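What follows is each chain in one-letter form.
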Amino acid sequence: MNFRWILVMALSAAPMIAESVIALPGKSPLVTLRLVFRTGSVADPKGKEGLASMTAAMIAEGGSRRMAYQQILDALFPMATEIEWQVDKEMTTFGAETHIDNLDRFYAIFREMLLEPGWRQEDLRRLKDDAVNFLQVSLRGNNDEELGKEALYGAIYDGHPYAHHSRGRVAAIRSITLDELKQFHRRCYTQANLTIAVAGGYPKDFAARIRKDFGKLPKGAPETVRLPPPKPFEGRRLLIIEKETRSVAMSLGFPIQVRRGHPDYPALLVAQSWLGQHRSSGVRLFDRIREARGLNYGDYAYVEYFPRGMFQFEPDPNNARQQQIFQVWIRPVQPETAHFTLRLAMFELGRFYREGLSEDEFQRTRNFLSKYINLLTKTKRSELGYAIDSRFYGIPDYNSYLRNALAGLTREDVNRAIRKHLPLDNLQIVVVAAGAGQLLDRMLAEAPSPITYNAPKPNEVLEEDKIVEKLPLGIRRENTRIVKVDTVFE
Amino acid sequence: MLATAAETSNKVFPYAWDQSDLANGLRVITVPTDYPNVVALWIVVQVGSRNEVEPGKSGFAHFFEHMMFHGTRSMPPDEYEKHLKRMGAASNASTWDDRTIYHTTLSKEDLELILRLEADRFQNLSYSEDVFRTEALAVLGEYNKSSAEPAEKLLEVLYDTAFDRHTYKHTTIGFLKDIQDMPNQFHYSKLFFERFYRPEYTTIIVAGDVTPATVGPLVGKYWSQWQRGNHSPVIPAETPHDGPRNNHVDWPTPTLPMLAIAFRGAAYDDTGIDSAALDMIGQLGFSKSSYLFRKLVIEEQIVDDLSVDTFDHLDPNLFRVTARLKKASDRERVRKEILAVLAGFQEKPVEGKKLESVKKNFRYSFALRLNNSEAIAETVAHFVALRRTPETINRMYDRYAQLTPDDLVRIAQKYFVDRERTIVTLAGK
Chain A
1 MNFRWILVMA LSAAPMIAES VIALPGKSPL VTLRLVFRTG SVADPKGKEG LASMTAAMIA
61 EGGSRRMAYQ QILDALFPMA TEIEWQVDKE MTTFGAETHI DNLDRFYAIF REMLLEPGWR
121 QEDLRRLKDD AVNFLQVSLR GNNDEELGKE ALYGAIYDGH PYAHHSRGRV AAIRSITLDE
181 LKQFHRRCYT QANLTIAVAG GYPKDFAARI RKDFGKLPKG APETVRLPPP KPFEGRRLLI
241 IEKETRSVAM SLGFPIQVRR GHPDYPALLV AQSWLGQHRS SGVRLFDRIR EARGLNYGDY
301 AYVEYFPRGM FQFEPDPNNA RQQQIFQVWI RPVQPETAHF TLRLAMFELG RFYREGLSED
361 EFQRTRNFLS KYINLLTKTK RSELGYAIDS RFYGIPDYNS YLRNALAGLT REDVNRAIRK
421 HLPLDNLQIV VVAAGAGQLL DRMLAEAPSP ITYNAPKPNE VLEEDKIVEK LPLGIRRENT
481 RIVKVDTVFE
Chain B
1 MLATAAETSN KVFPYAWDQS DLANGLRVIT VPTDYPNVVA LWIVVQVGSR NEVEPGKSGF
61 AHFFEHMMFH GTRSMPPDEY EKHLKRMGAA SNASTWDDRT IYHTTLSKED LELILRLEAD
121 RFQNLSYSED VFRTEALAVL GEYNKSSAEP AEKLLEVLYD TAFDRHTYKH TTIGFLKDIQ
181 DMPNQFHYSK LFFERFYRPE YTTIIVAGDV TPATVGPLVG KYWSQWQRGN HSPVIPAETP
241 HDGPRNNHVD WPTPTLPMLA IAFRGAAYDD TGIDSAALDM IGQLGFSKSS YLFRKLVIEE
301 QIVDDLSVDT FDHLDPNLFR VTARLKKASD RERVRKEILA VLAGFQEKPV EGKKLESVKK
361 NFRYSFALRL NNSEAIAETV AHFVALRRTP ETINRMYDRY AQLTPDDLVR IAQKYFVDRE
421 RTIVTLAGK
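So the sequence lines, in the order shown, correspond to chains A and B. The opening residue of the first sequence carries number 1 in our numbering; numbering runs sequentially from there. The opening residue of the second sequence carries number 1 in our numbering; numbering runs sequentially from there.
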C-alpha cells in the first residue's frame, strides 16, 4: 500500500482530550467519512436496553433540528449517499461515502444530524417499530442462524453488560422517551469519546473543519467502562430455542481472554483460520462436515464477534470489544442429522485441542493470513474502520501488527495457545430447532446417532463415524434449558 | 484515476479497458486500475437458471457451480485449495438467472498461477458420482439456511405465478423437489458441462494492478487449447397473458404481512429506452425519496419496508414492488396506493427536476461503486453477463441521460397493463 498515514492529534487547549482525527488523504474523487464514539449498548441503563442503539438510529434515520427526515432523504438522494450506522457493545459508528462534487452539501447535512438531532416524536415512533421488528421478525422469525449466534452471546454473557442484544430488549425499547435519548446524547456523544476518520480526495482543510465543528460537543472525560468477567460456568450448557422451522441451526462457544493486542491473538487467529476461516472452503470444519459428509452448507470458527456473517465475507470494522468469545457456527442441518453433526463438531474440536496443527498446516495457514489481511482493508471504509479499532486495542495499524507478529510465530506458539485458551470443558451450545424436547432427550441420553449417506464413503469416514455416532456430549440435565422462540430478546 | 463526474459527462465508466478474443471464442477484458498490488479475476460464464429448460432441472446451474470446486485429474480439490491458501486469495462463485461467476482476489504476483488453475478446471473438470451425490446435499443445506426467510418464499411463488413458459419461472436455487432429486442427476451434470462450460460462453475479466500486455499472453498460454462447443440454448419465450394473476402464501409461523406487485418488464437494452425508463420509474416511484415512501413509511408508518426491483436481465423479467406491512388490515390500502402510483406515471409526465434528481443518483451511485479493484471487476462482470463488453455500461448510462418525462409516460403505458400483472401476498400465523 503506497499511501501515507497521517495522524492529527487535536490541538486542544485541554491536553486531556483524546478526540482525534485519522486522515488518509488521496486522489480519489470519493470521500469516505467515519465517526466513531466510544459508547454503545454497555451504556444502556437497566430497563432501557436499546437506548444507545435508538439514539444512533434517531440521528442516522431521523431528522435534524433544521430538516425533517424526509427532507434529508430528498437532499441525499441525488448524491446517492446514505448514512451507515452501527451500534455494538462499546462502539457507535456513523459513516458515509460521497463524491467530492457533493461533499460540502453532504457534510452540512451530516454535521447537523450528529450535532443537532431533531428529536421528533414521530421519528421515535417509527424507529421503535423498526427496532422491535428487527428483533422479533428479521432476527427471531426469519433468520435461524443469526438468531442462534446472537442467543449464544446472550447465554454466555447472562447477567453481564454484554447480555442484551445491542439493538435492545423489546419491552425496554417500547419504554424509551425523547428525554432519555437527549440525555444519552449529551452524556455519551462527547469529544472525549469521538474518533473522526476521513479518506479520499477531500480539500486540505476538511479534516480540521470537522474537528472544529465537533468541538461543539461536550468535552466529557474518556470513558473507560470496567466490565466484569462473564459469569463462570462449569460444564457444557445447552440452550434449545424451540421454533417451527425445517432445519436445525447450531452455534457454540465460550469466553476467551484474548483480544487484539494480547500476545496470543496472532496464534489464535492462525488456529481459528485453520479450523474454520469464515466462508472459506478447504478448512477443517468445512472439510469434515460439509465436504466429506454433505451435512450442511458450511461450518466456521471465530475469535472475534462477526455479526451478519451469512451476508458478507469480511467482518464489519468497529465492533471492537474488550471481551471476546471463541465461537463455532454450524450452518443449518437436516433435523435427523442434528445430533450427529453436533457430535462431529465436538469430535473435531477435541482433536483440534489435543493435536493442534501440524508444521505444514501451520505454515500454510500463516502464509495465507499474511497475505489475506491485505484484502480486509481493500476499501477506504474498512481501512479507516480498522485504524479506529487499532486505537481501541492499543495496537499499531492492524496489517503491520499482524504481519510482524505472524512472521515471528511458531507452530508451538499456536498449539500452546490452543491448549491454553480453548479447552472444551466449559462451553455453551445454542440450538434452534423444532421438537426441542425430543432432541434434548436424545442428547441427554447420549443415544447413538448413526448416520446413513446417499453415496459410498471412504473407509476412514465410516470408521470415524463409528466413534462420532457414540461420542458423549457430556451435557447434564441441570445445564440445559428450552425456551420458546417468542421469549428471546423480549 | 477517476475524474469528477462533471469531467466525465460522457463516460460513467472512466477506466481505459482492453478487450480481445481468442480464436476459440474466449473473451478477455483487462481493466487497469489505480489500486496497487491487488488483482481481481472474475470469470463470467453466460449460463444461469435461465438455461434450465428441461423439467426437473431447476437449480442446476447453481448446483453445477458447486461442482466446479471438485478438481481435475491433475489438480485434486485439496491441492487447489492449498494453492489458494498459499496465495492468501479470497475466492468464491455465484449463480444467478443469466450467469455464473467465479471470482478470486489476490496479489498480482500470483496472477499466472490462478489463470493456470482456472484454465485447468474449466477444461478438465473431473469428479466421481459419490462426490457429486454428497455435494447435492450441500445445496440442500444452502436451501435450508434461507428457508426461514419468508421473503424467499414470496419471490419463489411470485415468479412461479408470473411465468408460464420462460425459465424465469423458477428461482436460481430451484424448486425444493428438484433440489432433493439432484443426487440422481450425475449424467445430466456431464452434459451440462459439455454444453455451457465452453469458451464462447466465457469471459475473463482481470481488474487491478495489471496491463493488457501482461494478461493477454498468460490467458493465451493456458486457455487457447480450450475447444469451442456447439450448443445453442432455446429459451422458451413467455407468451402474452390474458389477465391479472394473484396468489397467496400462508407462512407457518408469525411474521409481518408482505405484498409483491409485479408487471412483466423489459429485457436489458442499451440501444432502446424501455429498460432504462423502467429503472427510472422504479426509483421515482418507490425509492426513499419518493412520495409513496414518505406517505406509507414516514408519515402513516403502516409499512416498514418498501422496495423496488428492476434487475437487468437478458429476457423480459419483472418490474417488482415489495412492501412489508405492520398490519394485515392495511394490505388493500397499500395495494391501491402502489397501483395508483404506477397509474400516475401513465397519466402525467413527472417534473423535470425529479427526473434530474434520479439521473444524478444513478451516476453517483455508479461512481461510488467503483471504490476498489474487486468492486470494479464485479461491476464489469454484471454488464459482461448481459452484453459481453464494458462498452455497454456507457451506452446504458447515455440512455438514462437522454430520458424525458414523456418517455416515461409512454413506457409506463406500455408495461403497466393489467393482463401482465401478478400480485402475491404473504401472511404469517
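If you're looking for bench data, these hints aren't it; they were derived computationally from the structure. Keep in mind it's a predicted model, so treat the numbers as computed, not measured. Cβ atoms here follow ideal geometry from the backbone N, Cα and C, with glycine treated the same way. The reader is advised that the hints may include incorrect statements.
Here chain B is said to cover these stretches of chain A; the calculated rule only asks that three of the stretch's residues, wherever they fall, bring their Cβ under 8 Å from a Cβ of chain B [to be verified]:
(1) 92-102
(2) 234-248
(3) 288-300
(4) 329-343
(5) 355-368
Hints not upheld, ascending by number: Per hint list: zero violations.
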